Amino acid sequence: GFLLVEADIRADPELGLGSITADHPYANLEGIENLEAKCNDVENATAVSIVFLMKAIAVGVNVSGSPINDLIEDTPLPDPIKEVAELIFDRGQAGNVSFWSILDTLDAQEDDGGRQVQNFLLYVFYNSMTEEMRELFISPDYQRTLIYIDMPFMDVKATAATAEQINLWAKAAGDSENPISVLGDTLIGVASITIEVNNLIVDSQWTSLAFALGFTIVTLALVFRDIRYALLTTVPVGFTVAMQWLVMDSGGVSLSLVTVMIGSILVGVGIDFSIHIANRVKELGGSLDAIRTACASTGMSLFEATTVTAAGLTCAYGIPIEAITPFVTVIIILLIIAALSALLLLPAIYSFMVTSNLGLTGGASAMIQSSGLSQVLSKRDSSGRIDSTEITSDFAKDAW
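So the working numbering is basically just the index in the sequence shown, starting at one, shifted up by 376.
Cross-link-like lysine-lysine pairs, in silico, DSBU-like; alpha carbons within 30 Å at most:
no., residue 1, residue 2
1, Lys547, Lys431
2, Lys414, Lys533
3, Lys431, Lys414
4, Lys533, Lys547
5, Lys414, Lys547
Calculated from the structure, these hints are not laboratory results. Computed from a predicted structure; not experimentally measured.
Produce the complete structure using the sequences and hints provided.
Below you can see the structure in the form of C-alpha coordinates.
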(Lines of atoms letter the chains of each structure in order from A; the text may use other names.)
(Lines give C-alpha, C1' and ligand atoms only; values in the text may rest on other atoms or scores of the structure.)
Protein backbone atom coordinates (compact mmCIF):
# COMPACT_ATOMS: atom_id res chain seq x y z
CA GLY A 377 0.00 0.00 0.00
CA PHE A 378 1.00 3.62 0.32
CA LEU A 379 0.40 6.84 2.24
CA LEU A 380 -0.52 9.92 0.22
CA VAL A 381 1.17 12.93 1.83
CA GLU A 382 -0.01 16.43 0.99
CA ALA A 383 3.04 18.68 1.45
CA ASP A 384 4.78 21.29 -0.68
CA ILE A 385 8.30 20.06 -1.52
CA ARG A 386 8.84 22.32 -4.54
CA ALA A 387 12.34 23.85 -4.80
CA ASP A 388 13.27 27.29 -6.23
CA PRO A 389 16.68 27.35 -8.01
CA GLU A 390 17.21 31.13 -7.72
CA LEU A 391 20.12 32.39 -5.62
CA GLY A 392 20.78 35.90 -4.37
CA LEU A 393 18.97 38.65 -2.54
CA GLY A 394 15.77 38.02 -4.49
CA SER A 395 15.41 34.65 -2.77
CA ILE A 396 15.74 35.81 0.82
CA THR A 397 12.16 34.68 1.55
CA ALA A 398 12.60 31.35 -0.21
CA ASP A 399 10.27 28.49 0.65
CA HIS A 400 11.48 25.79 2.99
CA PRO A 401 10.69 22.38 1.39
CA TYR A 402 13.26 20.66 3.59
CA ALA A 403 10.95 21.05 6.61
CA ASN A 404 8.24 19.03 4.85
CA LEU A 405 10.83 16.50 3.70
CA GLU A 406 11.87 16.10 7.34
CA GLY A 407 8.23 15.39 8.23
CA ILE A 408 8.12 12.74 5.50
CA GLU A 409 11.40 11.27 6.75
CA ASN A 410 10.06 11.06 10.33
CA LEU A 411 6.87 9.33 9.20
CA GLU A 412 8.87 6.92 7.04
CA ALA A 413 11.11 6.03 9.99
CA LYS A 414 8.13 5.36 12.27
CA CYS A 415 6.48 3.16 9.64
CA ASN A 416 9.72 1.19 9.33
CA ASP A 417 9.56 0.52 13.07
CA VAL A 418 6.19 -1.20 12.63
CA GLU A 419 6.49 -4.98 12.51
CA ASN A 420 6.14 -6.53 9.03
CA ALA A 421 6.29 -3.12 7.30
CA THR A 422 8.94 -1.48 5.12
CA ALA A 423 8.50 2.15 4.04
CA VAL A 424 10.15 3.86 1.05
CA SER A 425 9.82 7.53 0.07
CA ILE A 426 11.65 10.20 -1.91
CA VAL A 427 13.82 10.76 1.19
CA PHE A 428 15.00 7.16 0.90
CA LEU A 429 16.41 7.98 -2.54
CA MET A 430 18.13 11.09 -1.17
CA LYS A 431 19.80 8.98 1.49
CA ALA A 432 20.80 6.35 -1.06
CA ILE A 433 22.59 8.84 -3.35
CA ALA A 434 26.17 9.54 -2.27
CA VAL A 435 28.07 12.76 -2.93
CA GLY A 436 31.85 12.56 -3.17
CA VAL A 437 33.90 15.06 -1.14
CA ASN A 438 37.63 15.60 -1.88
CA VAL A 439 39.57 18.18 0.16
CA SER A 440 43.28 18.87 -0.46
CA GLY A 441 45.73 21.46 0.89
CA SER A 442 48.19 21.04 -1.98
CA PRO A 443 47.32 24.36 -3.69
CA ILE A 444 48.03 26.22 -0.46
CA ASN A 445 51.31 24.36 -0.03
CA ASP A 446 52.32 25.18 -3.61
CA LEU A 447 51.61 28.86 -2.97
CA ILE A 448 53.80 28.81 0.14
CA GLU A 449 56.60 27.06 -1.75
CA ASP A 450 56.63 29.85 -4.34
CA THR A 451 56.82 32.48 -1.63
CA PRO A 452 60.30 33.52 -0.39
CA LEU A 453 60.08 32.24 3.16
CA PRO A 454 62.60 30.56 5.47
CA ASP A 455 62.96 26.84 4.98
CA PRO A 456 61.70 25.92 8.47
CA ILE A 457 58.40 27.71 7.75
CA LYS A 458 58.05 25.93 4.43
CA GLU A 459 58.71 22.58 6.10
CA VAL A 460 56.03 23.20 8.72
CA ALA A 461 53.58 24.35 6.01
CA GLU A 462 54.29 21.19 4.03
CA LEU A 463 53.48 19.05 7.07
CA ILE A 464 50.19 20.90 7.56
CA PHE A 465 48.89 21.46 4.03
CA ASP A 466 50.48 18.82 1.82
CA ARG A 467 47.77 16.24 2.37
CA GLY A 468 44.25 15.46 1.16
CA GLN A 469 41.07 13.88 2.45
CA ALA A 470 38.36 12.16 0.40
CA GLY A 471 35.03 10.71 1.46
CA ASN A 472 31.42 10.11 0.55
CA VAL A 473 28.36 11.60 2.19
CA SER A 474 24.70 11.16 1.34
CA PHE A 475 22.72 13.89 -0.39
CA TRP A 476 20.37 13.97 2.59
CA SER A 477 23.30 14.62 4.97
CA ILE A 478 24.31 17.65 2.91
CA LEU A 479 20.78 19.05 3.14
CA ASP A 480 20.78 18.43 6.87
CA THR A 481 24.12 20.22 7.28
CA LEU A 482 22.86 23.23 5.33
CA ASP A 483 19.71 23.30 7.46
CA ALA A 484 21.87 23.74 10.56
CA GLN A 485 22.86 27.19 9.26
CA GLU A 486 20.57 29.81 10.68
CA ASP A 487 20.95 32.28 7.81
CA ASP A 488 18.82 32.32 4.68
CA GLY A 489 21.78 31.40 2.50
CA GLY A 490 21.68 27.80 3.65
CA ARG A 491 18.01 27.59 2.69
CA GLN A 492 18.75 28.99 -0.77
CA VAL A 493 21.47 26.41 -1.32
CA GLN A 494 19.11 23.70 -0.10
CA ASN A 495 16.49 24.75 -2.64
CA PHE A 496 19.06 24.88 -5.41
CA LEU A 497 20.38 21.40 -4.59
CA LEU A 498 16.84 20.00 -4.38
CA TYR A 499 16.04 21.56 -7.76
CA VAL A 500 19.11 19.88 -9.24
CA PHE A 501 18.17 16.59 -7.57
CA TYR A 502 14.62 16.62 -8.93
CA ASN A 503 15.73 17.43 -12.46
CA SER A 504 18.48 14.82 -12.46
CA MET A 505 15.80 12.12 -12.17
CA THR A 506 13.83 10.84 -15.12
CA GLU A 507 10.24 11.99 -15.27
CA GLU A 508 8.97 8.43 -14.77
CA MET A 509 11.10 7.90 -11.67
CA ARG A 510 10.25 11.29 -10.19
CA GLU A 511 6.50 10.86 -10.62
CA LEU A 512 6.62 7.48 -8.88
CA PHE A 513 7.07 9.49 -5.69
CA ILE A 514 6.08 13.10 -6.41
CA SER A 515 3.11 14.66 -8.21
CA PRO A 516 3.91 16.95 -11.19
CA ASP A 517 3.10 20.07 -9.11
CA TYR A 518 5.27 18.89 -6.17
CA GLN A 519 2.32 19.27 -3.79
CA ARG A 520 1.85 15.58 -3.01
CA THR A 521 4.18 12.65 -2.49
CA LEU A 522 3.84 8.94 -1.82
CA ILE A 523 5.31 6.80 0.93
CA TYR A 524 5.21 3.20 -0.26
CA ILE A 525 4.51 0.57 2.41
CA ASP A 526 5.59 -2.98 1.63
CA MET A 527 4.17 -5.86 3.68
CA PRO A 528 4.65 -9.62 3.25
CA PHE A 529 1.75 -11.97 2.54
CA MET A 530 0.01 -12.46 5.90
CA ASP A 531 -3.34 -13.55 7.26
CA VAL A 532 -6.00 -10.88 7.62
CA LYS A 533 -5.57 -10.54 11.39
CA ALA A 534 -1.84 -9.77 11.15
CA THR A 535 -2.42 -7.45 8.19
CA ALA A 536 -5.07 -5.53 10.14
CA ALA A 537 -2.73 -5.13 13.14
CA THR A 538 0.07 -3.74 10.95
CA ALA A 539 -2.25 -1.42 9.03
CA GLU A 540 -3.79 -0.10 12.26
CA GLN A 541 -0.37 0.83 13.65
CA ILE A 542 0.58 2.59 10.41
CA ASN A 543 -2.72 4.50 10.48
CA LEU A 544 -1.94 5.70 14.01
CA TRP A 545 1.43 7.09 12.89
CA ALA A 546 -0.18 8.68 9.82
CA LYS A 547 -2.71 10.44 12.03
CA ALA A 548 0.02 11.61 14.42
CA ALA A 549 2.07 13.08 11.54
CA GLY A 550 -0.08 16.21 11.61
CA ASP A 551 0.93 16.94 15.21
CA SER A 552 4.68 16.33 14.86
CA GLU A 553 7.52 18.88 14.93
CA ASN A 554 7.36 19.12 11.13
CA PRO A 555 3.62 18.56 10.53
CA ILE A 556 2.47 17.01 7.28
CA SER A 557 -0.99 15.99 6.16
CA VAL A 558 -1.73 12.37 5.20
CA LEU A 559 -4.83 11.99 3.05
CA GLY A 560 -7.50 10.30 5.15
CA ASP A 561 -4.94 9.45 7.85
CA THR A 562 -5.10 5.88 6.55
CA LEU A 563 -3.08 3.40 4.55
CA ILE A 564 -4.25 3.05 0.95
CA GLY A 565 -3.82 -0.03 -1.21
CA VAL A 566 -4.20 -3.79 -1.25
CA ALA A 567 -3.91 -4.23 2.53
CA SER A 568 -6.73 -1.80 3.30
CA ILE A 569 -8.95 -3.26 0.59
CA THR A 570 -8.30 -6.79 1.85
CA ILE A 571 -9.24 -5.80 5.40
CA GLU A 572 -12.45 -4.06 4.35
CA VAL A 573 -13.52 -6.88 2.04
CA ASN A 574 -12.80 -9.43 4.76
CA ASN A 575 -14.88 -7.46 7.28
CA LEU A 576 -17.78 -7.32 4.84
CA ILE A 577 -17.57 -11.05 4.15
CA VAL A 578 -17.28 -12.06 7.80
CA ASP A 579 -20.11 -9.76 8.86
CA SER A 580 -22.39 -11.14 6.19
CA GLN A 581 -21.39 -14.79 6.69
CA TRP A 582 -23.91 -15.55 9.40
CA THR A 583 -26.66 -13.79 7.47
CA SER A 584 -25.86 -15.72 4.30
CA LEU A 585 -25.76 -19.03 6.19
CA ALA A 586 -29.10 -18.28 7.82
CA PHE A 587 -30.65 -17.46 4.45
CA ALA A 588 -29.08 -20.55 2.86
CA LEU A 589 -30.46 -22.86 5.55
CA GLY A 590 -33.80 -21.07 5.52
CA PHE A 591 -34.24 -21.38 1.77
CA THR A 592 -33.09 -25.00 1.97
CA ILE A 593 -35.83 -25.78 4.49
CA VAL A 594 -38.44 -23.98 2.40
CA THR A 595 -37.38 -25.82 -0.75
CA LEU A 596 -37.44 -29.21 0.99
CA ALA A 597 -40.84 -28.39 2.47
CA LEU A 598 -42.16 -27.72 -1.02
CA VAL A 599 -40.57 -30.89 -2.42
CA PHE A 600 -41.64 -33.21 0.41
CA ARG A 601 -44.83 -31.23 1.12
CA ASP A 602 -44.08 -31.48 4.81
CA ILE A 603 -42.32 -28.88 6.97
CA ARG A 604 -41.46 -31.36 9.75
CA TYR A 605 -39.73 -33.73 7.35
CA ALA A 606 -37.83 -30.77 5.84
CA LEU A 607 -36.61 -29.67 9.28
CA LEU A 608 -35.47 -33.18 10.21
CA THR A 609 -33.61 -33.54 6.91
CA THR A 610 -31.77 -30.24 7.48
CA VAL A 611 -30.46 -31.17 10.96
CA PRO A 612 -27.31 -32.97 9.62
CA VAL A 613 -26.53 -29.93 7.48
CA GLY A 614 -26.60 -27.64 10.50
CA PHE A 615 -24.43 -30.11 12.42
CA THR A 616 -21.84 -30.18 9.62
CA VAL A 617 -21.73 -26.38 9.40
CA ALA A 618 -21.25 -26.19 13.18
CA MET A 619 -18.35 -28.64 12.95
CA GLN A 620 -16.57 -26.26 10.56
CA TRP A 621 -15.26 -24.09 13.42
CA LEU A 622 -13.99 -27.09 15.39
CA VAL A 623 -12.16 -28.48 12.36
CA MET A 624 -10.61 -25.10 11.48
CA ASP A 625 -9.49 -24.50 15.07
CA SER A 626 -8.04 -28.01 15.44
CA GLY A 627 -6.10 -27.67 12.21
CA GLY A 628 -4.90 -24.14 12.94
CA VAL A 629 -6.67 -22.83 9.84
CA SER A 630 -7.35 -19.11 10.11
CA LEU A 631 -10.36 -17.33 8.72
CA SER A 632 -9.50 -15.72 5.40
CA LEU A 633 -11.09 -14.68 2.13
CA VAL A 634 -10.78 -18.29 0.98
CA THR A 635 -11.81 -20.27 4.06
CA VAL A 636 -14.74 -17.98 4.83
CA MET A 637 -16.62 -19.56 1.90
CA ILE A 638 -16.50 -23.06 3.38
CA GLY A 639 -19.78 -22.70 5.29
CA SER A 640 -21.74 -21.85 2.16
CA ILE A 641 -20.18 -24.79 0.31
CA LEU A 642 -21.12 -27.18 3.11
CA VAL A 643 -24.80 -26.26 2.91
CA GLY A 644 -24.89 -27.44 -0.69
CA VAL A 645 -22.81 -30.57 -0.09
CA GLY A 646 -24.58 -31.55 3.14
CA ILE A 647 -28.10 -31.20 1.81
CA ASP A 648 -27.14 -33.19 -1.28
CA PHE A 649 -26.21 -36.17 0.92
CA SER A 650 -29.19 -35.83 3.27
CA ILE A 651 -31.81 -35.48 0.57
CA HIS A 652 -30.87 -38.84 -0.97
CA ILE A 653 -31.46 -40.67 2.31
CA ALA A 654 -34.58 -38.64 3.11
CA ASN A 655 -36.19 -39.19 -0.27
CA ARG A 656 -35.51 -42.93 -0.17
CA VAL A 657 -36.96 -43.28 3.34
CA LYS A 658 -40.07 -41.38 2.33
CA GLU A 659 -40.57 -43.51 -0.79
CA LEU A 660 -40.36 -46.72 1.30
CA GLY A 661 -43.00 -45.56 3.79
CA GLY A 662 -40.99 -44.03 6.63
CA SER A 663 -40.85 -47.19 8.79
CA LEU A 664 -37.84 -48.73 10.54
CA ASP A 665 -37.50 -51.21 7.70
CA ALA A 666 -37.56 -48.31 5.25
CA ILE A 667 -34.75 -46.59 7.15
CA ARG A 668 -32.63 -49.77 7.13
CA THR A 669 -33.22 -50.33 3.43
CA ALA A 670 -32.40 -46.70 2.56
CA CYS A 671 -29.12 -46.80 4.50
CA ALA A 672 -28.12 -50.11 2.92
CA SER A 673 -28.85 -49.08 -0.65
CA THR A 674 -28.41 -45.32 -0.89
CA GLY A 675 -25.67 -45.32 1.75
CA MET A 676 -23.30 -47.24 -0.50
CA SER A 677 -23.79 -44.69 -3.28
CA LEU A 678 -23.02 -41.83 -0.89
CA PHE A 679 -19.88 -43.61 0.32
CA GLU A 680 -18.66 -44.01 -3.24
CA ALA A 681 -19.45 -40.38 -4.08
CA THR A 682 -17.61 -39.14 -0.99
CA THR A 683 -14.55 -41.27 -1.73
CA VAL A 684 -14.32 -40.14 -5.35
CA THR A 685 -14.86 -36.45 -4.49
CA ALA A 686 -12.27 -36.49 -1.69
CA ALA A 687 -9.75 -38.24 -3.94
CA GLY A 688 -10.33 -35.67 -6.65
CA LEU A 689 -9.82 -32.77 -4.23
CA THR A 690 -6.42 -34.12 -3.21
CA CYS A 691 -5.13 -33.08 -6.64
CA ALA A 692 -5.41 -29.47 -5.44
CA TYR A 693 -2.46 -30.08 -3.12
CA GLY A 694 -0.27 -29.86 -6.20
CA ILE A 695 -1.28 -26.22 -6.79
CA PRO A 696 1.63 -23.96 -5.66
CA ILE A 697 -0.64 -21.56 -3.76
CA GLU A 698 -0.23 -21.53 0.00
CA ALA A 699 -3.83 -20.52 0.77
CA ILE A 700 -5.29 -23.45 -1.19
CA THR A 701 -3.87 -26.22 1.03
CA PRO A 702 -5.79 -25.48 4.27
CA PHE A 703 -8.94 -24.78 2.26
CA VAL A 704 -8.82 -28.19 0.57
CA THR A 705 -7.96 -29.96 3.84
CA VAL A 706 -10.94 -28.50 5.67
CA ILE A 707 -13.27 -29.24 2.74
CA ILE A 708 -12.22 -32.91 2.60
CA ILE A 709 -12.66 -33.38 6.37
CA LEU A 710 -16.06 -31.68 6.40
CA LEU A 711 -17.10 -33.61 3.29
CA ILE A 712 -16.53 -36.83 5.23
CA ILE A 713 -18.41 -35.41 8.24
CA ALA A 714 -21.32 -34.46 5.97
CA ALA A 715 -21.48 -38.00 4.59
CA LEU A 716 -21.33 -39.54 8.08
CA SER A 717 -24.05 -37.17 9.28
CA ALA A 718 -26.32 -38.26 6.44
CA LEU A 719 -25.55 -41.96 6.98
CA LEU A 720 -25.59 -42.04 10.80
CA LEU A 721 -27.14 -38.93 12.34
CA LEU A 722 -30.10 -38.63 9.97
CA PRO A 723 -31.17 -42.32 10.25
CA ALA A 724 -30.78 -42.05 14.04
CA ILE A 725 -33.14 -39.07 14.10
CA TYR A 726 -35.63 -40.86 11.85
CA SER A 727 -35.48 -44.01 14.01
CA PHE A 728 -36.05 -42.00 17.19
CA MET A 729 -39.08 -40.30 15.67
CA VAL A 730 -40.57 -43.63 14.53
CA THR A 731 -39.94 -45.55 17.77
CA SER A 732 -41.31 -42.63 19.80
CA ASN A 733 -44.50 -42.79 17.73
CA LEU A 734 -43.98 -39.18 16.70
CA GLY A 735 -43.94 -39.89 13.00
CA LEU A 736 -41.61 -38.55 10.40
CA THR A 737 -44.24 -36.45 8.67
CA GLY A 738 -47.11 -34.27 9.75
CA GLY A 739 -50.60 -33.91 8.30
CA ALA A 740 -52.90 -36.86 7.54
CA SER A 741 -50.22 -39.55 7.77
CA ALA A 742 -49.30 -38.47 11.31
CA MET A 743 -52.97 -38.47 12.36
CA ILE A 744 -53.48 -41.97 10.97
CA GLN A 745 -50.44 -43.33 12.79
CA SER A 746 -51.25 -41.66 16.13
CA SER A 747 -54.88 -42.83 16.07
CA GLY A 748 -54.05 -46.45 15.21
CA LEU A 749 -55.81 -46.34 11.86
CA SER A 750 -52.68 -47.62 10.17
CA GLN A 751 -53.40 -51.03 11.71
CA VAL A 752 -56.95 -50.86 10.46
CA LEU A 753 -55.94 -49.95 6.95
CA SER A 754 -53.47 -52.83 6.86
CA LYS A 755 -56.31 -55.33 7.45
CA ARG A 756 -58.14 -54.82 4.18
CA ASP A 757 -59.04 -58.03 2.38
CA SER A 758 -58.39 -58.75 -1.26
CA SER A 759 -61.55 -56.93 -2.29
CA GLY A 760 -60.51 -53.78 -0.42
CA ARG A 761 -63.12 -54.25 2.35
CA ILE A 762 -62.32 -54.15 6.10
CA ASP A 763 -63.54 -56.90 8.44
CA SER A 764 -65.54 -54.98 11.07
CA THR A 765 -65.54 -57.96 13.48
CA GLU A 766 -61.77 -58.07 13.52
CA ILE A 767 -61.59 -54.33 14.07
CA THR A 768 -64.02 -54.46 17.00
CA SER A 769 -62.12 -57.35 18.57
CA ASP A 770 -58.79 -55.55 18.35
CA PHE A 771 -60.21 -52.32 19.73
CA ALA A 772 -61.84 -54.21 22.59
CA LYS A 773 -58.54 -55.82 23.55
CA ASP A 774 -56.84 -52.43 23.50
CA ALA A 775 -59.60 -50.93 25.64
CA TRP A 776 -59.41 -53.63 28.32
